[in-house]
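Using the sequences and the hints given, assemble the complete structure.
Residue numbers (our numbering), protein chains in the order written: chain L, 1 to 240; chain G, 1001 to 1240.
Rather than coming from a laboratory, the hints here were simulated on the basis of the structure.
The C-beta atom is built at its ideal place from N, Cα and C for all residues, glycine as well.
Be a bit skeptical, because a hint or two may be false.
[Said to hold, decoys possible] The calculated EDC-like cross-link candidates involving lysine to aspartate or glutamate, where the alpha carbons are at most 20 Å apart (straight line), are:
| hint | chain 1 | residue 1 | chain 2 | residue 2 |
| --- | --- | --- | --- | --- |
| 1 | G | Lys-1081 | G | Glu-1030 |
| 2 | G | Lys-1081 | G | Glu-1058 |
| 3 | G | Lys-1145 | G | Asp-1169 |
| 4 | L | Lys-145 | L | Glu-80 |
| 5 | G | Lys-1200 | G | Asp-1143 |
| 6 | G | Lys-1113 | G | Asp-1143 |
| 7 | L | Lys-171 | G | Asp-1063 |
| 8 | L | Lys-194 | G | Asp-1169 |
| 9 | G | Lys-1145 | G | Asp-1063 |
| 10 | L | Lys-194 | L | Asp-169 |
| 11 | G | Lys-1200 | G | Asp-1188 |
| 12 | L | Lys-200 | G | Asp-1169 |
| 13 | G | Lys-1200 | L | Asp-169 |
| 14 | L | Lys-128 | L | Glu-75 |
| 15 | G | Lys-1194 | L | Asp-169 |
| 16 | L | Lys-113 | L | Asp-84 |
| 17 | G | Lys-1081 | G | Asp-1143 |
| 18 | G | Lys-1171 | L | Asp-188 |
[What the hints assert, rightly or not] Anything over 12 Å on all C-beta distances counts as not near chain L; from chain G, calculated:
| hint | residue |
| --- | --- |
| 19 | Arg-1078 |
| 20 | His-1090 |
| 21 | Thr-1092 |
[Stated by the list, open to error] Which bits of chain L does chain G cover? Going by a derived footprint, with three or more residues having C-beta under 8 Å, they are:
| hint | region |
| --- | --- |
| 22 | 32 to 44 |
| 23 | 144 to 156 |
Take a look at the letters that make up each chain.
Protein chains: 2
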Amino acid sequence: MQIAIMVYPGFTALDFIGPYEVLRNLPGAEVRFVWHEPGPITADSGVLLIGATHSFDETPSPDIVLIPGGLTSFEHARDEKVLDWVRRAHATSTWTTSVCSGSVILAAAGVLKGRRATSHWMALPMLKPFGVQTVGDQRIVHDDKVLTAAGVSAGIDLGMWLFGQIAGDAKARAVQLVIEYDPQPPYDSGHLSKASAATKATASALLSRDTARNGQLTAPVALLWDAAIGRVRKKAASAR
Amino acid sequence: MQIAIMVYPGFTALDFIGPYEVLRNLPGAEVRFVWHEPGPITADSGVLLIGATHSFDETPSPDIVLIPGGLTSFEHARDEKVLDWVRRAHATSTWTTSVCSGSVILAAAGVLKGRRATSHWMALPMLKPFGVQTVGDQRIVHDDKVLTAAGVSAGIDLGMWLFGQIAGDAKARAVQLVIEYDPQPPYDSGHLSKASAATKATASALLSRDTARNGQLTAPVALLWDAAIGRVRKKAASAR
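As structure tokens, then:
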């Protein structure tokens, strides 16, 4: 089962690392991190690098498509190559999923037209122009084979739910124990309905930070990166 | 505030991506991913690459030390260079922390001797030979400036708790809303006390998979990687 997680400059890492940590335990799972081409992709923080292992062209028909969110999801939602890949992958996927503002990319590709879907609370209004029936009070929304989750950490719940649908409750419970997913948040302001106006204002300010980054070449670690990408691609190839 | 997250071959990504997603919002946060040298590090899944941005030698005195877990934490707990860095960093840190079996590395470095600490349920017994007072029924254990968390997803709770200690409850609640941390697991087997014997047996089997990977050079994406590492290092340098 091929799981294609789209990574893009400005992604929010927890959006997809949560479901990745769950779904990689699916029997026969082949996880790919896809972008225009293989290489390092910088997170919204500007300090975390994650490797795109395969290109869009190399990954035309994954079984599961997962689009994470990030402050830049809105600009990538105007990238026709991205939208074309999402449309083609969705046409043959078993499940098409998003976490956080990744749903904006699904919406821009037309995948959510007329469907019930959710997103990060701050991105939810952006779905309406695409003809989406937005749902703000559910952690995960499933409409046929399209699964959308709320913000960032909601991806773990999406992953657990989807794992159960595919592999059954017994295996899903085992994965929950593997990742010791017995959450005990020390606060209770994780949803708009539970947060004060001051908390929402501070959260909105944090979300509006500009995380654009620029730089120059340094660190000659080229061979290390090549070797690492090579190992991942070799494994993916031998798994087919 | 410098936050040094140790990454190593075989790490479990969610262990540190959870707290990273929270702690990077600390005022003046400079997050570094440290290893023997900068370069791509392969996760336990063999398909996820994360960039180590700085070496141990470049990062002698971080304010916060975070050691994630992974099936290979036991072998890295015998790497004297790793243990020496942990000891020196702990000597001047404000907080020394671990998630999952990362506590085995803290214990091997002598940081947990005589202290109360926790770990992933499967790794907990490995702490006893190091003179640790193991605690299996707490999600997060704090003993003076040493903070240890249970398995994998417990790192999010560790990050939330630590953020609150450093920046206060009001800002912590805002970060909880930013990452929409309002967990709703579709199952309730995330702790040994809640899991059946069958669930524990299946989980143990999943955890014992061999995730060792080998490979060869391919993918000439050297310049991309260099540029990415360069951007991260330049940002870190300019932040000081």
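Okay, the hints, checked on the actual structure:
no.: 1; hint: G:Lys-1081 - G:Glu-1030; verdict: violated (23 Å)
no.: 2; hint: G:Lys-1081 - G:Glu-1058; verdict: holds (13 Å)
no.: 3; hint: G:Lys-1145 - G:Asp-1169; verdict: holds (19 Å)
no.: 4; hint: L:Lys-145 - L:Glu-80; verdict: violated (23 Å)
no.: 5; hint: G:Lys-1200 - G:Asp-1143; verdict: violated (29 Å)
no.: 6; hint: G:Lys-1113 - G:Asp-1143; verdict: holds (11 Å)
no.: 7; hint: L:Lys-171 - G:Asp-1063; verdict: violated (40 Å)
no.: 8; hint: L:Lys-194 - G:Asp-1169; verdict: holds (15 Å)
no.: 9; hint: G:Lys-1145 - G:Asp-1063; verdict: holds (11 Å)
no.: 10; hint: L:Lys-194 - L:Asp-169; verdict: violated (30 Å)
no.: 11; hint: G:Lys-1200 - G:Asp-1188; verdict: holds (13 Å)
no.: 12; hint: L:Lys-200 - G:Asp-1169; verdict: holds (14 Å)
no.: 13; hint: G:Lys-1200 - L:Asp-169; verdict: holds (14 Å)
no.: 14; hint: L:Lys-128 - L:Glu-75; verdict: holds (17 Å)
no.: 15; hint: G:Lys-1194 - L:Asp-169; verdict: holds (15 Å)
no.: 16; hint: L:Lys-113 - L:Asp-84; verdict: holds (16 Å)
no.: 17; hint: G:Lys-1081 - G:Asp-1143; verdict: violated (25 Å)
no.: 18; hint: G:Lys-1171 - L:Asp-188; verdict: holds (13 Å)
no.: 19; hint: Arg-1078; verdict: holds (23 Å)
no.: 20; hint: His-1090; verdict: holds (22 Å)
no.: 21; hint: Thr-1092; verdict: holds (22 Å)
no.: 22; hint: 32 to 44; verdict: holds (count 8)
no.: 23; hint: 144 to 156; verdict: holds (count 6)
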